[in-house]
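Asker: Residue numbers (this note's numbering), protein chains in the order written: chain A, 1 to 322; chain B, 1 to 282.
Derived by calculation from the structure, the hints in this document are not laboratory data. A virtual CB, placed ideally from N, CA and C, is assigned to each residue, including glycine. Be a bit skeptical, because a hint or two may be false.
Simulated restraints, written as ranges between beta carbons of each label pair [stated by the list, open to error]: (1) B:Leu167 / A:Ile306: 31 to 37 angstroms; (2) B:Gly175 / A:Arg224: 48 to 54 angstroms; (3) B:Val220 / A:Pro149: 39 to 45 angstroms; (4) A:Thr198 / B:Leu269: 32 to 38 angstroms; (5) A:Arg224 / B:Leu174: 44 to 50 angstroms.
Within a straight-line C-alpha distance of at most 20 angstroms, the following computed EDC-like cross-link-like pairs (lysine to aspartate or glutamate) qualify [what the hints assert, rightly or not]: (6) B:Lys184 / A:Asp20; (7) A:Lys54 / A:Asp67; (8) B:Lys130 / A:Glu273; (9) A:Lys54 / A:Glu71; (10) B:Lys184 / B:Glu169; (11) B:Lys130 / A:Glu276; (12) B:Lys40 / B:Asp247; (13) B:Lys184 / A:Asp17.
Which residues of chain A face chain B? A partial, calculated answer using Cβ under 8 angstroms [to be verified]: (14) Tyr23; (15) Phe60; (16) Leu61; (17) Gln114; (18) Leu123; (19) Ala125; (20) Ile126; (21) Phe137; (22) Glu213; (23) Gly240; (24) Phe274; (25) Met287.
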Amino acid sequence: MSSASPLPRSPTLLGADRSDRIYRSLLTAIALALPGLIVIILGVLFIEALPALKRFGPSFLWTSTWDPVAEVYGAAPMIFGTFASSLLALLIAVPLALSVAIFLTEFSPRWLRQPVAFLVELLAAIPSVVYGTWGIFVLIPFLRAHVVPPLKAVFGWTPFLQGVFYGNSLLAGGIILAIMIVPYIAAVSREVLLAVPTSQREAALAMGATRWEAVRSAVLPYGRAGLIGAVILGLGRALGETMAVTMLIGNRHDIALSLLQPAYTMAAAIANEFSEATTGMYQSALMEVGLILFVLTVAVNAVARILIWRVARGAAVGSKAL
Amino acid sequence: MTGRALRRHITSRVMTVLVIALSFTAVLALVLILGNLVLKGASSIDWAFFTKSPVPAGQSGGGVANAIVGTGIIVGVAALIGVPLGVGAGIYLAEYGSGRLGFLVRFVADVLNGTPSIVIGIVGWTFIVKPSGHFSALAGSVALAILMIPMLARTTEEMVRLVPHSLREAALALGYPRWRTSLKIVARTALGGIVTGCLVGIARIAGETAPLLFTALGNVNFSVHVTQPMQALSLQIYVYATGPFEDWHRLAWASALVLMGLVLIISLLARWVTRQRYGSIR
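Kindly generate the complete structure, drawing on both the sequences and the hints.
Answerer: Put into structure tokens, the structure is as follows:
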């Protein structure tokens, strides 16, 4: 640093001033790596996806031909499958995760809180590929033997249960996703509910509400924004989850309403086909899928964070579960 | 009790039972998964499993020594890259992060925390594998480090924020420059929490598969060269579980058990460190 202060100051203070500035710039540079990273990821995906973007334009989103031989690509089936599997996962996971959060903050005896919270958080520690292995060898045989036959017997007439169940399917993928996102939704919801002031509960109880009425009419509405944030955060996780889904969803480029049929997700398509993508256009199409997936999850996460921050401002809510 | 009050009380009771039942369903899922891992994996774990490399498909025997060592190397290098950057960004957020830039960094970190790991994988492929012309363990490490940084930044920030202001003020009043206060007093007090955050981050990336598919790639042979393709436990499980051979499925369960054990040990170690250093503050 060449520009010394014109005023005479003690040499140690002057030195400290300089090293403080260096320390601060160093940390700032490191911190800037994070926004830099998001820009780099977007840039890389965009540049690599450019040939496909130019060739197929927006119709990439709603056409469903995926033909590497003819070099024609459309991502509609995997976009459909991504949303279908994630929505199925939310349908199963939200009641479970909210129950865990309500149980831990409202109903649980004190001694049981820590163990239950720990066990649910452990679900987040299980690697995706382990979920996939369990799904292949335990979940699918179980579904085939004990779940699908009765389901078909009762609801077999609906469009959601048509066709033969071979195992790898939207149903299997959705269930495994549900188990995987429960800990995230539960951890964030729990922190949101913990942030609800005790006076809310006490007021409801003092008005003669039952325990459940206090939860439903005082606690849940107070934390609503945060709870919606928690669910959207879970959605973000489900949209981008890769390995377990790749191993269970069947990986077929097809749009079928039936839960029993194989489907595809964007993440699974990249995982499954990227190493086979020998031509430039094939690779570029998969990069475009990656770009869509990235933009989608960033948007979903951003919405979730804004909602959660409104409740628990600034805190890294849910980080303990990661 | 009037009919209406009775109905309200019954509703309350039913909902309470339902909430408890659903909570325990979530815990049951964990028990089922861990139970199956032990039941189906433990019998295949022996000395050869840890010391031998895989044998060609169809033959029995062999182990996953190459994958265990590979996971260690890939994750170790990822931590070497990710820990300084993640912790640095976290200290920045806690010490200087009150302004607009701090808000941006915090928001980006939270958003990046949910990025699909497969996307990081293809970015790593584009950046390192494509220009260099071959797959490498190093590319895998970089991809894993990218996953780790935003997470570490947020946990480090939280831990540094827990340090009481009075400590900082005391050091500054004694004439300590800010950077020494920050490093020697604040970061050091929060060290236990920071180490915990790092261990949790390592536990999470140790189980990642998707970012390694197109970077570290996998390797049937024993390799310790970071510039070459390398096997990892997670990749090995993927290949074995989706393969056609009965023997592979057996090894998939055993490898899954080992990987799960590894992740659990690191996670428990993290909890233990917190208790050791943080028992008094929390």
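Asker: Which hint numbers does the structure go against, in order from smallest to largest?
Answerer: 15, 16, 17
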